[in-house]
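In case you want the letters, here they are:
Protein chains: 6
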Amino acid sequence: MSEFKRAGNRAADALRPIVIQRGFTRHAEGSVLVCFGETRVLCTASVEEKVPPHKRGSGEGWVTAEYGMLPRATHTRGDREAARGKQSGRTQEIQRLIGRSLRCVFDLAALGERSILIDCDVLQADGGTRTAAITGAWVAAQDAVNWLIGQGLLTKSPIKEPVAAVSVGIVEGTPLLDLEYTEDAACDTDMNVVMTGSGGFVEVQGTAEGASFTRSEMDALLALADKGIRELVQAQAAALALPLPR
Amino acid sequence: MSEFKRAGNRAADALRPIVIQRGFTRHAEGSVLVCFGETRVLCTASVEEKVPPHKRGSGEGWVTAEYGMLPRATHTRGDREAARGKQSGRTQEIQRLIGRSLRCVFDLAALGERSILIDCDVLQADGGTRTAAITGAWVAAQDAVNWLIGQGLLTKSPIKEPVAAVSVGIVEGTPLLDLEYTEDAACDTDMNVVMTGSGGFVEVQGTAEGASFTRSEMDALLALADKGIRELVQAQAAALALPLPR
Amino acid sequence: MSEFKRAGNRAADALRPIVIQRGFTRHAEGSVLVCFGETRVLCTASVEEKVPPHKRGSGEGWVTAEYGMLPRATHTRGDREAARGKQSGRTQEIQRLIGRSLRCVFDLAALGERSILIDCDVLQADGGTRTAAITGAWVAAQDAVNWLIGQGLLTKSPIKEPVAAVSVGIVEGTPLLDLEYTEDAACDTDMNVVMTGSGGFVEVQGTAEGASFTRSEMDALLALADKGIRELVQAQAAALALPLPR
Amino acid sequence: MSEFKRAGNRAADALRPIVIQRGFTRHAEGSVLVCFGETRVLCTASVEEKVPPHKRGSGEGWVTAEYGMLPRATHTRGDREAARGKQSGRTQEIQRLIGRSLRCVFDLAALGERSILIDCDVLQADGGTRTAAITGAWVAAQDAVNWLIGQGLLTKSPIKEPVAAVSVGIVEGTPLLDLEYTEDAACDTDMNVVMTGSGGFVEVQGTAEGASFTRSEMDALLALADKGIRELVQAQAAALALPLPR
Amino acid sequence: MSEFKRAGNRAADALRPIVIQRGFTRHAEGSVLVCFGETRVLCTASVEEKVPPHKRGSGEGWVTAEYGMLPRATHTRGDREAARGKQSGRTQEIQRLIGRSLRCVFDLAALGERSILIDCDVLQADGGTRTAAITGAWVAAQDAVNWLIGQGLLTKSPIKEPVAAVSVGIVEGTPLLDLEYTEDAACDTDMNVVMTGSGGFVEVQGTAEGASFTRSEMDALLALADKGIRELVQAQAAALALPLPR
Amino acid sequence: MSEFKRAGNRAADALRPIVIQRGFTRHAEGSVLVCFGETRVLCTASVEEKVPPHKRGSGEGWVTAEYGMLPRATHTRGDREAARGKQSGRTQEIQRLIGRSLRCVFDLAALGERSILIDCDVLQADGGTRTAAITGAWVAAQDAVNWLIGQGLLTKSPIKEPVAAVSVGIVEGTPLLDLEYTEDAACDTDMNVVMTGSGGFVEVQGTAEGASFTRSEMDALLALADKGIRELVQAQAAALALPLPR
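Chains as they are written, first to last, in the numbering used here: chain A, 106 to 351; chain B, 106 to 351; chain C, 106 to 351; chain D, 106 to 351; chain E, 106 to 351; chain F, 106 to 351.
Simulated from the structure, these hints should not be mistaken for laboratory data.
A hint or two may mislead.
In this list, chains with the same sequence are indistinguishable; a pair is considered to hold if it fits within one copy or across any two.
[Said to hold, decoys possible] Dumping the calculated DSSO-like pairs for lysine-lysine here, alpha-carbon to alpha-carbon at most 27 Å:
| # | residue 1 | residue 2 |
| --- | --- | --- |
| 1 | Lys155 | Lys261 |
| 2 | Lys332 | Lys160 |
| 3 | Lys265 | Lys332 |
| 4 | Lys155 | Lys191 |
| 5 | Lys191 | Lys110 |
| 6 | Lys332 | Lys110 |
| 7 | Lys160 | Lys191 |
| 8 | Lys332 | Lys191 |
| 9 | Lys261 | Lys160 |
Could you build the full structure based on these sequences and the hints that come with them?
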């Protein structure tokens, strides 16, 4: 079978151009604009000196996330969820995923009884908004932790290691890394993979669209994801190596 | 490491007792009580001669699902979602999963422009409610298809093959099949796997709780799931081989 | 006028077959499946060691109820109230009725500052769901009280006497006891009557459908209800005389 | 037992002063301020040339009601239901009762495929708001029918006879007619009775508060209600005999 | 340009007949029916011995308002906001305006840590409901303050001066004072002006409908509003000079 | 009185640095990031070939707006309105204002039966979000109109002239143009003024915070606003004179 031809001659195993811009807005303790190609997500991390009820008095902190998409982030304008009066199932599913992924690399006891809330708002969507959100959210959380240390509220980081995410999928028989929107719409199987900097799996969510997929297809996709996440973790580190703007 | 000891001396790779009782209620076109041990889910399939807006005029049908849990299905009474005025993110995530899983084995064109709605209501919960729901929902859908054929509304089945689901997880280092509640609460990694009768993957959702998991752990879990699903598909076939009560 | 002919040759003054199955689910302090013919309602009683705001600090307890119907409990699938985001007026009216009926036979001071929440969920509907719910709810509440006594949390029962409920109505001129769905749909007048074991009235709710009803019709209906409730109270006692399953 | 002493030396079987003022506001097709003593309810009847979905194409009309209470109609300010975002169970129960009561005296076929919507808004509450509302709503509906006849949209009235309502209850052993707020709060049993001008029952809703009530108590209450409703029907007729203001 | 001819030969700079009836209902600490011609708004002031969270512990009180319109206050029946489950943007805008206007003439420290809640409910609408509401709300607030003084809860009034409001607009080139509904619907520019008794501006809200308006048009409208508010403040004083009914 | 000293030595009558960046996102027909100093609002204009019900069949189009604020646009994180399930009164008030302001300069008949929806989402807030939103929304609308003309769907522009908005206020006795957050929080009187390119008023909304304001204060503020809006209209024209990025 001939290989699927990607836009801009991108190789099947190549990420889109990754941009991680810290200090994008000024009020949040961490504020990161993350771009996976044309997908752009603003991730802000807010520190609050309180925890949700199930953590009160535990001495442990909490990390959680909310996700939203501006109505015209997409080709066709979507309803504003605030106007409709509820978040869609998709929105809730994604924000739960982001929260779990972040918590997996956090030592909640070391965070102390406070919360970090990550807001991931999609300014422009072109596939992979949830994986970009997780990748950017970790950098925003890192900046919020740095702020806590800078304020003397923490002496050491409660973050155990990096976490990043990428989508993979099979389009016309070809396994591809980091799907853009048109690829996502055309794919038979797609998988979102969340991994730590040390290569452990945090989440694997594979879904057949149409036909089911085989074990060897899954293996091919996991290998691609592993490659992509290594590169994303490098991009996170590079962004954090720069001085924070302002 | 010594192996984790399961309740009732259950083997690590054993399902709980599976009961699939068809014709449990009488109004629905398909009505199945499915039990994975103490987890009991009532799955009803309702045929409606209309489709949602995105399918109107397409000549294709639709299969969708809703999920609910009775307030005292659990150890501690949960809020009634109807009284609270909204479905939780967890509920929406599960019902979307059930719907996708069923659609994957349906030929929607062969169904014709009508809908099958699956309601999965948990009467008693002891872990694995979503996997039991998928497994039972497929049998209820099969009975609804049989009803459509019996009514002369369809001449051949739009169902391509069986679909079933099981949870797997690692508890104290031991990979286990079909987690009950106490195992689920204690596990480090858990994974819900949805597969077709022919062994294809429909959904793989693995989540690290606490520590991330390795590739070899994932392989062990997928092998367990494969075994469990083969047995569940046999149980579905056995239930369907009996005459429908009433 | 010739008498209305009931399904299955049931006499005008006969109840449908009554089944009261205790211990139907295992987590609740009381769990009863009650069947009035094909109407089947699961009633669970949950004990909570707190009371609503208007009872705090009063030394008195509270008994309340919630009611729901599975979407396909009925001939035609109804909307799921949790998905629609609110309970219908009918649902609220019924759950208020169940709560009032139970409280009428409870000594709330003797219960102590704790709550019993009764959930009545209709698995299958064929008329009389609210009367079956009240009749079953009382048995579930009794089991919850027995559990409280068994736990040493109460030394004597705060339940003063039994309470049960039945519907009566006039169909084609014939007064009937315990209406099933087709009778309910056809009736001119229907009445729900809630009475105590000692024959006192707790609630009488008579409604004309179409034409108004006369005083002598009301008297005939009240006499039928009285007969039915005596039999239901016997059925409750018989169910409670058996050992609790498990 | 000595008889309960009512405020203002009112006799046990006496209504409060009844005022039925037509043409209270000017936009509605019928607009009536009804006062049962200090209880004041504004009832407006609006004609709409359409029917709800279940009546479309039936050739029949519909009559329905909505009920509300101004936040400070009561001694203590209540929440505004519009601000809270939902109607209470009590509100829904009352508006369903008003609608059923009105429909019972309407020939819906003679009304033609149009609706009469009755809004009952309590300006001041002192017990008996639902019975005042029904009594006033019928007069407002009558004025709306007169308007339809005046417009040439109907040639004869679809109203078969009057309907009115009153509360009765037992306070300290004394059966009382038309309870005001302090009596309502103190009563052991209260009953709302809706009857037609010809003496037929439309609704009987008796509720024990505290102890259950006996058959002879019910008989005493029904006799009182019958007397009260005869007087209310006379008051309705007297109000309608006057020329409509403006 | 020939001058626009108003209904009833009203002069361009004349208010409609103003009625301010205190003590309209009996439970509220202040209760005023205010009529600007056919516009009738019931304003009640309720005293509560608590403040919203942002004022707790401040030693200062709070004054706020809610606004509603009976469904048939208007020519065509509007939806009941409580039934629809939310207040419209218009409703919220108006109640925020009323609250701000009242607070502007209140010394919140002198009020002490308690709240005055003003409910403004439109019984009949004919243009200018918000300006009538503000004008009447101030009188109701004054009566509530008098009640507080009468109860010994305050020794001097926290109200610094009167506040009143009026609408002005340009219809067919003619600047008009106090628009009624048909004028409001026809106007090119309309402005709501809230002023204190001493002639200070509290709110000025001018809106072009269709074409924008010029500075000289604004000046003409402000002069008209100033005249109208002087007269409204006199009407408020006259109403307060009478003894409170009851 | 000595003059209030502004941050960065800004003159009392000076705007903050204004940036109007077109083509900020790529899916919308018009997409503008507008910055008034640190206030940054993303305004997108979406064309839809349908109109709301009240315009159907009229031959006229519609222009409307929605407004939102990212949760961490502000110093302290605010609730996400989509999660809370409703838009605040403030949000609704602002989006109604933006819609009215735009419609005032649109010839809706010339637009044809289609809609332009403006989404104004605040990425970072530092006072004046609504005035920045209006100013940017007009540019986005202009780009959407250019797109319609480019597509051959319109032959001439339905936009009659520019519209822009600015805030003015009095802080410590000094009238200031274009308030930033700290000034807004400290001001005694603030006013939002919307004007057309030709100097007509579209909206004037002045509010006293604390003390009322005088006529001469209003005149001073209106003069400042006039100056600011002239400059904003020049900035709009300058932005539109550049080629659209992409």
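Against the structure, the hints:
In this assembly of identical chains, Lys155 and Lys261 lie within 27 Å of each other by CA distance solely inside one copy; the values are 19 Å within and 41 Å between copies. In this homomeric assembly, Lys332 and Lys160 never come within 27 Å of each other (Cα to Cα): the closest approach is 36 Å inside a single copy and 38 Å across copies. Proximity of Lys265 to Lys332 under the C-alpha cut-off of 27 Å is restricted to the intra-copy arrangement: shortest distance 21 Å within a copy versus 35 Å between copies. Taking the closest pair of Cα atoms, Lys155 and Lys191 come within 27 Å of each other both inside a single copy (25 Å) and across two copies (24 Å).
In this assembly of identical chains, Lys191 and Lys110 lie within 27 Å of each other by CA distance neither inside one copy nor across copies; the values are 39 Å within and 44 Å between. For the homomeric pair Lys332 and Lys110, the shortest alpha-carbon distance inside one copy (20 Å) is at most 27 Å, but the shortest distance between copies (38 Å) is not. In this homomeric assembly, Lys160 and Lys191 come within 27 Å of each other (Cα to Cα) both inside a single copy, at 26 Å, and across copies, at 24 Å. Proximity of Lys332 and Lys191 under a CA criterion of 27 Å is satisfied in neither setting, with 37 Å inside one chain copy and 40 Å between copies.
Taking the shortest alpha-carbon separations for Lys261 and Lys160, only the intra-copy value of 21 Å comes in at or below 27 Å, while the best inter-copy value is 38 Å.
The structure is inconsistent with the numbered hints 2, 5, 8, although it conforms to all the rest.
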